[in-house]
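Undergrad: In case you want the letters, here they are:
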Amino acid sequence: MSWHRKHLLDIESLSAGEIVTVLDTARAFKAVGERAIKKVPALRGKTVVNLFIEPSTRTRISFELAAQRLTADIVNFSADASSFKKGETLKDTARNLEALNADFIIIRHSASGAPHFLSRVVNAHIINAGDGAHEHPTQALLDTFTIREKKGRIEGLNVTILGDILYSRVARSNIWALTKLGANVTLCGPSTLVPKTFEQMGCRVTHNMEEAIEHADIINLLRIQHERQRQTMFPSIGEYTTLFGLTKARLARTKPDALIMHPGPINRGVEIDSDIADSGRSLILEQVTNGLAVRMAVLFLVNGGPGPQGVAVG
Amino acid sequence: MPETLVVLPAAAIQRALNRIAHEIAERNENSTEVVLVGIPVGGDVLALRLSAILAEIWQQPVPVGILDVTLYRDDLGGRIAPAVRPTVIPFDVTGKTVVLVDDVLFSGRTTRAAMDAINDFGRPKKIQLAVLVDRGHRELPIKADFVGKNIPTALSEKIRVRLEVPGRADEVVLEK
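Chains as they are written, first to last, in our numbering: chain A, 1 to 314; chain B, 1 to 176.
These are calculated hints, taken from the structure and not from any lab test. Computed from a predicted model, the values in this text were never measured in an experiment. Even for Gly, the Cβ is constructed at its ideal location relative to N, Cα and C. Treat the hints with caution; some may be incorrect.
[As the list claims (entries may be wrong)] Computed spacing ranges between beta-carbons, pair by pair:
#  : chain 1 : residue 1 : chain 2 : residue 2 : range
1  : A       : Thr289    : B       : Pro82     : 20 to 30 Å
2  : A       : Pro265    : B       : Ala169    : 57 to 67 Å
3  : B       : Arg79     : A       : Glu88     : 42 to 52 Å
4  : B       : Glu175    : A       : Lys91     : 43 to 53 Å
5  : A       : Thr289    : B       : Ile57     : 37 to 47 Å
6  : A       : Met201    : B       : Asp75     : 37 to 47 Å
7  : B       : Glu175    : A       : Arg153    : 45 to 55 Å
8  : B       : Arg138    : A       : Gln68     : 51 to 61 Å
9  : A       : Glu199    : B       : Thr4      : 52 to 62 Å
10 : B       : Thr4      : A       : Gly113    : 49 to 59 Å
11 : A       : Thr57     : B       : Ile57     : 36 to 46 Å
12 : A       : Arg153    : B       : Gln59     : 17 to 27 Å
13 : A       : Gly156    : B       : Glu29     : 32 to 42 Å
14 : B       : Thr4      : A       : Glu214    : 52 to 62 Å
[Claimed, not checked] Distance condition first, Cα-Cα at most 27 Å in a straight line; then the derived BS3-like pairs of lysine-lysine:
#  : chain 1 : residue 1 : chain 2 : residue 2
15 : B       : Lys125    : A       : Lys39
16 : A       : Lys38     : B       : Lys125
17 : A       : Lys196    : A       : Lys255
18 : B       : Lys126    : A       : Lys39
19 : A       : Lys38     : B       : Lys149
20 : B       : Lys176    : B       : Lys158
21 : B       : Lys143    : B       : Lys158
22 : A       : Lys86     : A       : Lys150
Construct the entire structure; sequences and hints are all you get.
TA: Put into structure tokens, the structure is as follows:
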């Protein structure tokens, strides 16, 4: 299985084989990160632009380090310091970046579909680093990588995603990736944030925390995204924690080998008990390490793209 | 179907490896300094076989590593990304004589990439090159120290090295 796409825009359009190609490639890149010299010349001379029109620390830094470890040059472009405030459109900004010979544009944007739009108006490789509530493909790839590394497989595993599903691009990308690879996905959270319509994506939806985590092999906790909620979707943080927080008592009733994930940033004492976050059951920091390897793999693969005169498939 | 010619049958491959191992032993008097590093696909299998023969000659184990050179290639842009295989170098190469092992020596670009890659793991005292087949057409000033067989080829021809294919004997085949 090889990779023929010029961009990484979403998980929805990827095949299971393409996802596995990224995961296999990432395994080799993880080993690069364990060497004394953590840098390889695969993208020497290439220019990567981090175009982050929405705040982010860990994803931006992860992409930045990934590009540097591939010997690419990287420029960070954030909304605060940019011409967006002066009224420039996204298309004009991207064309300006391309005029500087940017080979890759990594975009985070509050509007769903912004990366797809860019891929149609510029020639650079586009990587989606999160678009609105739509998708966050590299997060799903690193989560899947982490699960596969720990459990040895994805197929047949019970994965429970807990929390703010409605506003979560992480949830959507994870649902696509996990169901394509044959996992059984359960979604759980307040009914306002986890509507039954998600069953159409091939998931089980429940609003009962105990039931959701009882048979889970993996529990992926999501942060409540205050910034994306237009109205209050549940009465209070305290009530959320009471009903859906991962406490020690609840963890004790899960399978003994169930592992805990969280894309960060975590709200200690809200969706997760502070001690659990630091325990041996938590994969939170491994997710960060794996994220770097996955992003190196994605940059490397899209650089190959469809070949010299090929048409973008992505 | 392309016309194919077996240029090295299994027995000849084994004889070539025996000879290469003895040449490596002759060239490197200080056996404790020698490590073998195979370049997949092909060189990794050959490196393991050479290690076994050398271990008998020297009466001591000879370390083997695997070096994937994909990320050091000079032709990555503008083509479908090649598969990246794991690199496993379970020893420090600094101060060692690293014998790179590849199945076919052709343009020399893989060897160039391998030398760059190995330098990221340390500073070997020496790097030597052992190949099963040298088919000519070098594009870089690179020459093998140990050659199993020189096989003059046309650029249009292909050399296939088949090692450990289930249900078949090892062989090196020339496709016209």
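Undergrad: Evaluate each hint against the coordinates.
TA: Tested hints:
{"no.": "1", "hint": "A:Thr289 with B:Pro82: 20 to 30 Å", "in the structure": "25 Å, holds"}
{"no.": "2", "hint": "A:Pro265 with B:Ala169: 57 to 67 Å", "in the structure": "59 Å, holds"}
{"no.": "3", "hint": "B:Arg79 with A:Glu88: 42 to 52 Å", "in the structure": "35 Å, violated"}
{"no.": "4", "hint": "B:Glu175 with A:Lys91: 43 to 53 Å", "in the structure": "50 Å, holds"}
{"no.": "5", "hint": "A:Thr289 with B:Ile57: 37 to 47 Å", "in the structure": "43 Å, holds"}
{"no.": "6", "hint": "A:Met201 with B:Asp75: 37 to 47 Å", "in the structure": "41 Å, holds"}
{"no.": "7", "hint": "B:Glu175 with A:Arg153: 45 to 55 Å", "in the structure": "38 Å, violated"}
{"no.": "8", "hint": "B:Arg138 with A:Gln68: 51 to 61 Å", "in the structure": "34 Å, violated"}
{"no.": "9", "hint": "A:Glu199 with B:Thr4: 52 to 62 Å", "in the structure": "56 Å, holds"}
{"no.": "10", "hint": "B:Thr4 with A:Gly113: 49 to 59 Å", "in the structure": "52 Å, holds"}
{"no.": "11", "hint": "A:Thr57 with B:Ile57: 36 to 46 Å", "in the structure": "57 Å, violated"}
{"no.": "12", "hint": "A:Arg153 with B:Gln59: 17 to 27 Å", "in the structure": "43 Å, violated"}
{"no.": "13", "hint": "A:Gly156 with B:Glu29: 32 to 42 Å", "in the structure": "56 Å, violated"}
{"no.": "14", "hint": "B:Thr4 with A:Glu214: 52 to 62 Å", "in the structure": "60 Å, holds"}
{"no.": "15", "hint": "B:Lys125 with A:Lys39", "in the structure": "22 Å, holds"}
{"no.": "16", "hint": "A:Lys38 with B:Lys125", "in the structure": "22 Å, holds"}
{"no.": "17", "hint": "A:Lys196 with A:Lys255", "in the structure": "26 Å, holds"}
{"no.": "18", "hint": "B:Lys126 with A:Lys39", "in the structure": "23 Å, holds"}
{"no.": "19", "hint": "A:Lys38 with B:Lys149", "in the structure": "37 Å, violated"}
{"no.": "20", "hint": "B:Lys176 with B:Lys158", "in the structure": "7 Å, holds"}
{"no.": "21", "hint": "B:Lys143 with B:Lys158", "in the structure": "20 Å, holds"}
{"no.": "22", "hint": "A:Lys86 with A:Lys150", "in the structure": "47 Å, violated"}
Hint violations for this structure: numbers 3, 7, 8, 11, 12, 13, 19, 22, all remaining hints satisfied.
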